[in-house]
Amino acid sequence: MPRDTRRSAKFLPARSDGSLVTYRGSVKRWECDADNNWNMDLYARAFQIASETLAMAATGLNPGVATAALRLFRVHHELSCSTPTTVRSARIVGGGHDGLVVHVMETGSNGHIVATALDVPGYNTEAVSGLSVDDIAFALPHGIASGPHHPQDFRSGYMRGNAFISQFGVVCPEELDHIGGVFPSAVISRCSAVFCHLLDRIGLTRDWKLSTKSYAAVVEVKMTRHRNSHDNASLRLISWMHAVTEGSFTIRHQIEHPHTGSAVATVEQLGVIAHIETRRLIQLPRFVYAAKEALGILSSNSFDSR
Amino acid sequence: MMATLRTEFISLPMSADGFVETHRSHVSMWELDENDHWHAQFYVRAFQQASEILAVATTGRNPGAASISVRHVRFFRELRGGDPLTVLSARILDGPNSGQIAHLMRHTQDGRLCASALDVPGFDVSSLPAFPQIKVAEVAPQGISLGAHSPADTTPLLESGQAIVSHLSVVRPFELDHTGALQANTLHARLAEAMSHLWEQIEPLSSQLYSTGLGRALVEIKIVRHGMLRAGDALRIVSWFDNMGDRSFLMRHQLENILTTEAIASISTVVLILDPETRRSAPVPSFLRDAYLSYSGKFYRQSKLTLTGRSSVQPNATRRTGQPHR
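Protein chains in written order, with our numbering: chain X, 1 to 306; chain Y, 1 to 326.
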């Protein structure tokens, strides 16, 4: 049964099911990708704002990026330019995900569900309204397991197999919250850039895209925050292809301090291939499996946290 | 040879008609909206830059967002990618806007007026060149009343359903200026997000208006600042329709701190119905008029009782204007 609280209901619009509206925004043109769709890091930004708003409603304090130790989000439908969006949030009651926070992103005009997120909260959610797990079944993990990632020690051997240093960069002030933590959107933006490079590496090139009228897209992302470090002047990513199944593939990234090798976060992306015109999913080309075989040395040993 | 305004602190170029040049920039491609026009938040950013430059020139100090307490912006012609622009500023000598600062944004190459702002300044402007009101008459407020709004009590508006929470978000450190105040363009960026949600109260299918061959354009804004927000604060915008004219809508918005419900800013916006082909205003189509009357019929009594600073929309039906700045 939904359980409203005096504190949260006072500040935020409530839905009839007890969930609270925690974000309202819209898709700006300069935030769309080459296919005129909203970029993945913007979904991450919206869910982060929703989680901070909920934390403030529940506790009166904003813990910044520490609102979620783990976030798993899934894109159900693409969002195009100018679409108004709303996120509603609640605590899950019952089932294997009891106590997690669910965020549901809907379009403003017709209430279509476009994306969902599950948070392992980093604050006391006692005051957050609860929703039965049956009511949010559509938001439960689909292609990525919900457990946390564990940091890997790449200080020796990252050059083995397919794991490689995929990015090295400086963190800009606008990528930090009011406490100094790196926004999830900043981390996922880096992973999205690496994703494009990895596609090229496994044969899903621009030429392949044009000749097959197909494209690869990330539909599900899990981010585990290993520590809330405020020493974020620079970061590096180590990335590897983790798994290939019949209709999808997963890529993992460890975000770490370049000098100490200390892991800040791990991000896992679930990629699929769809037809440009029908937008329907299609089977992975054979050469993607071959790439996994050729490049799967690291992902076949102890790095699987599932 | 170009004239120069020399103050105790800096020198600024002056245009041939005696206005001070306070800002020069151009339209970047990544700042365009879906209609290939410069997004309205960047016009506001340019006016804020001009205002701060003027403050530095006259006082030697930059008050940041506090360079104004009220700003009234009008949009006349759209700017497109790569267009160069210049903002010219002056103090108004007389009339209802006496003592205010007029900023005129002109296309640098052809000199056409693209937008204007009237500021109630937050700094001493007595040393600036002053011009009679008649010289800036073309930019006088048209659809929104002069003067500051008082904060509205939005609780009854929300409870009755007349107003909605049109935007919910968190203030980020990079959105604040060097004094800790919310930057002008950030405030407007949030307003743009809010307006699309409010519009859906009377047009749930946003494509319906466009399917009739018409469009809508934001042509006038007034922003009144009341308070401050800190990085990490949660904010909301409460929005409602205030009035409908023959060819336009007047909307009201209040930016509030979610936790304290303190009003941070009051904003009024005028949205004009446009015929994109003739580039002139058009009558509000019947389906939208009916939807608005249905909406306002439920709440008219409450709005009369609770709102302050009401005004009627009196758009200039023949004025040429730009395309939608949504």
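Check each hint, because a few of them may be wrong.
Distance condition first, Cα-Cα at most 16 Å in a straight line; then the derived EDC-like pairs of lysine to aspartate or glutamate [as the list claims (entries may be wrong)]:
| no. | chain 1 | residue 1 | chain 2 | residue 2 |
| --- | --- | --- | --- | --- |
| 1 | Y | Lys298 | Y | Glu159 |
| 2 | X | Lys209 | X | Asp135 |
| 3 | X | Lys292 | X | Glu246 |
| 4 | X | Lys209 | X | Asp98 |
| 5 | Y | Lys135 | Y | Asp94 |
| 6 | X | Lys28 | Y | Asp94 |
| 7 | X | Lys28 | Y | Glu159 |
| 8 | X | Lys213 | X | Glu31 |
| 9 | X | Lys28 | Y | Glu34 |
Under 7 Å between C-beta atoms, here's a sample of chain X residues computed to sit facing chain Y [claimed, not checked]:
| no. | residue |
| --- | --- |
| 10 | Arg29 |
| 11 | Cys32 |
| 12 | Ala34 |
| 13 | Asn36 |
| 14 | Thr53 |
| 15 | Asn62 |
| 16 | Pro63 |
| 17 | Ala66 |
| 18 | Val75 |
| 19 | Glu78 |
| 20 | Cys81 |
| 21 | Ser82 |
| 22 | Pro84 |
| 23 | Val114 |
| 24 | Glu174 |
Every beta carbon over 12 Å from chain Y, so not counted as near; a handful from chain X, in silico [as the list claims (entries may be wrong)]:
| no. | residue |
| --- | --- |
| 25 | Leu12 |
| 26 | Val21 |
| 27 | Gly25 |
| 28 | Thr85 |
| 29 | Ile165 |
| 30 | His257 |
By construction, these hints were calculated from the structure, which means they are not laboratory data. The structure displayed is predicted, hence computed values, not measured ones. We treat Cβ as the ideally placed atom computed from N, Cα and C, and that holds for glycine.
Which constraints among the numbered hints does this structure fail? Numbers only, ascending.
2, 4, 6, 7, 8, 11, 12, 13, 16, 17, 18, 19, 23, 25, 26, 27 and 28
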